[in-house]
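Chains as they are written, first to last, in this note's numbering: chain A, 169 to 366; chain B, 169 to 366.
Do not take every clue at face value.
Given that identical chains are not distinguished, each listed pair holds provided it fits within a single copy or across any two copies.
To be verified - Once the Cα atoms are required to be at most 30 Å apart in a straight line, the calculated DSS-like pairs of lysine-lysine come out as: (1) 171 to 354; (2) 322 to 258; (3) 258 to 293; (4) 304 to 255; (5) 354 to 255; (6) 258 to 336; (7) 336 to 255; (8) 258 to 354; (9) 354 to 336; (10) 171 to 304.
Keep in mind the hints are simulated off the structure, nothing from the lab.
This structure is a prediction, so every number in the text was calculated from the model and none was measured.
2 protein chains.
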Amino acid sequence: MTKVLIFGHQNPDTDAITSAISFAYLQNALGVEAEAVALGPVSEETAFALNYFNTTAPRVIETASNEVDAVMLVDHNEAQQSVSDIKDVKVLAVVDHHRIANFETVDPLYYRAEPVGCTNTIIYKLFKEHNIEIPKEIAGLMASAIISDSLLFKSPTCTQEDIEIANKLAAIAGIDLNVYGLDLLKAGTNLADKTVAQ
Amino acid sequence: MTKVLIFGHQNPDTDAITSAISFAYLQNALGVEAEAVALGPVSEETAFALNYFNTTAPRVIETASNEVDAVMLVDHNEAQQSVSDIKDVKVLAVVDHHRIANFETVDPLYYRAEPVGCTNTIIYKLFKEHNIEIPKEIAGLMASAIISDSLLFKSPTCTQEDIEIANKLAAIAGIDLNVYGLDLLKAGTNLADKTVAQ
Ligand SMILES: [Mn+2]
Ligand SMILES: [Mn+2]
Ligand SMILES: [Mn+2]
Ligand SMILES: [Mn+2]
Numbered sequence: 169m170t171k172v173l174i175f176g177h178q179n180p181d182t183d184a185i186t187s188a189i190s191f192a193y194l195q196n197a198l199g200v201e202a203e204a205v206a207l208g209p210v211s212e213e214t215a216f217a218l219n220y221f222n223t224t225a226p227r228v229i230e231t232a233s234n235e236v237d238a239v240m241l242v243d244h245n246e247a248q249q250s251v252s253d254i255k256d257v258k259v260l261a262v263v264d265h266h267r268i269a270n271f272e273t274v275d276p277l278y279y280r281a282e283p284v285g286c287t288n289t290i291i292y293k294l295f296k297e298h299n300i301e302i303p304k305e306i307a308g309l310m311a312s313a314i315i316s317d318s319l320l321f322k323s324p325t326c327t328q329e330d331i332e333i334a335n336k337l338a339a340i341a342g343i344d345l346n347v348y349g350l351d352l353l354k355a356g357t358n359l360a361d362k363t364v365a366q
Numbered sequence: 169m170t171k172v173l174i175f176g177h178q179n180p181d182t183d184a185i186t187s188a189i190s191f192a193y194l195q196n197a198l199g200v201e202a203e204a205v206a207l208g209p210v211s212e213e214t215a216f217a218l219n220y221f222n223t224t225a226p227r228v229i230e231t232a233s234n235e236v237d238a239v240m241l242v243d244h245n246e247a248q249q250s251v252s253d254i255k256d257v258k259v260l261a262v263v264d265h266h267r268i269a270n271f272e273t274v275d276p277l278y279y280r281a282e283p284v285g286c287t288n289t290i291i292y293k294l295f296k297e298h299n300i301e302i303p304k305e306i307a308g309l310m311a312s313a314i315i316s317d318s319l320l321f322k323s324p325t326c327t328q329e330d331i332e333i334a335n336k337l338a339a340i341a342g343i344d345l346n347v348y349g350l351d352l353l354k355a356g357t358n359l360a361d362k363t364v365a366q
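The shape of chain A in the complex, shown without the other chains (with noise of 0.2 Å):
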């Protein structure tokens, strides 16, 4: 199989530019060449927790038919949402947790939704599934995202699946999720600069 490029929503957010790290890191795992991209720059709370993962942002990519033939979309399935030449790639895999509406495919596809508070929550049972080791920067990323979906579980969309891996990710990571997860929204807020200045 060639090269395939994964990435999440326009304007991203930190789901969207953790589940493209994270499912590409298990592709590549599982054999496939996968390289995780972003439809947009990251936003300060992202910024945040890549920083303190010690990862570095996906490069922004305006189209993806110039440089693929297939790609996998994760946090959302919307044409509208996705890259702008979406209709010249093939989709071979889609991981969602939202609603599903202005997607269609020619082939028969991997897609991979439920009714949970973040894509990186579906992703963590994908790793279990194929028995993949998840490392410590990686749950970071995936805790972070789990976070900002649900806001520190206060979201109405948070399951106890969400709060269960969440958890599970925090412990393989070595971060408290109360300590951790204020700082990650507040930098998003940049209540933390305001703080300082003020």
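Given chain A's structure and the hints, the job is docking chain B with the ligands onto it.
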């Protein structure tokens, strides 16, 4: 959760009928009140499998919204292949091995598609993931679907995973795949009757 109906596509083939039966069994084991129904009468091939494994054909429904608020789809996703009033019910889950098209939801859902030869190949994996034992009769029906969809592993859509899982199901069901498989496919083509008559 209130009762849900589970069904395959119109003009049901053996996979459409038996994946409704096997997925409904799994859902019931998981605590969901689910009934397998069908969008049309069973074929002679499917009748052979149901009879062999002492199972009655699912009742045929014309509409779903007069009975339930929510449904689960197996072996299809496209609206024009589904129940006539699909727009009036909530789709909670889909398990399928076809391309995705003409499918849209308002809310997040469980969607499990893989590019394999048969829906029951995926349902086998779901039983394993949930640690639910597959009864002998259900295993026989699931093996029948893989035989049917793959024409005894000769179809180009058949994957190594379909073959491996068919063998595991055959062991549970106590059948010889080649002997039973040829009888099943013969029942579908009516060759069995013709041989007797001629
Ligand atoms: Mn997102
Ligand atoms: Mn998300
Ligand atoms: Mn079918
Ligand atoms: Mn099928």
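Do the hints match the structure? See the list:
no.	hint	verdict
1	171 to 354	neither (37 Å within a copy, 43 Å between copies)
2	322 to 258	between (37 Å within a copy, 26 Å between copies)
3	258 to 293	both (25 Å within a copy, 25 Å between copies)
4	304 to 255	neither (36 Å within a copy, 44 Å between copies)
5	354 to 255	neither (38 Å within a copy, 42 Å between copies)
6	258 to 336	neither (34 Å within a copy, 32 Å between copies)
7	336 to 255	neither (38 Å within a copy, 39 Å between copies)
8	258 to 354	neither (38 Å within a copy, 38 Å between copies)
9	354 to 336	within (23 Å within a copy, 52 Å between copies)
10	171 to 304	within (25 Å within a copy, 42 Å between copies)
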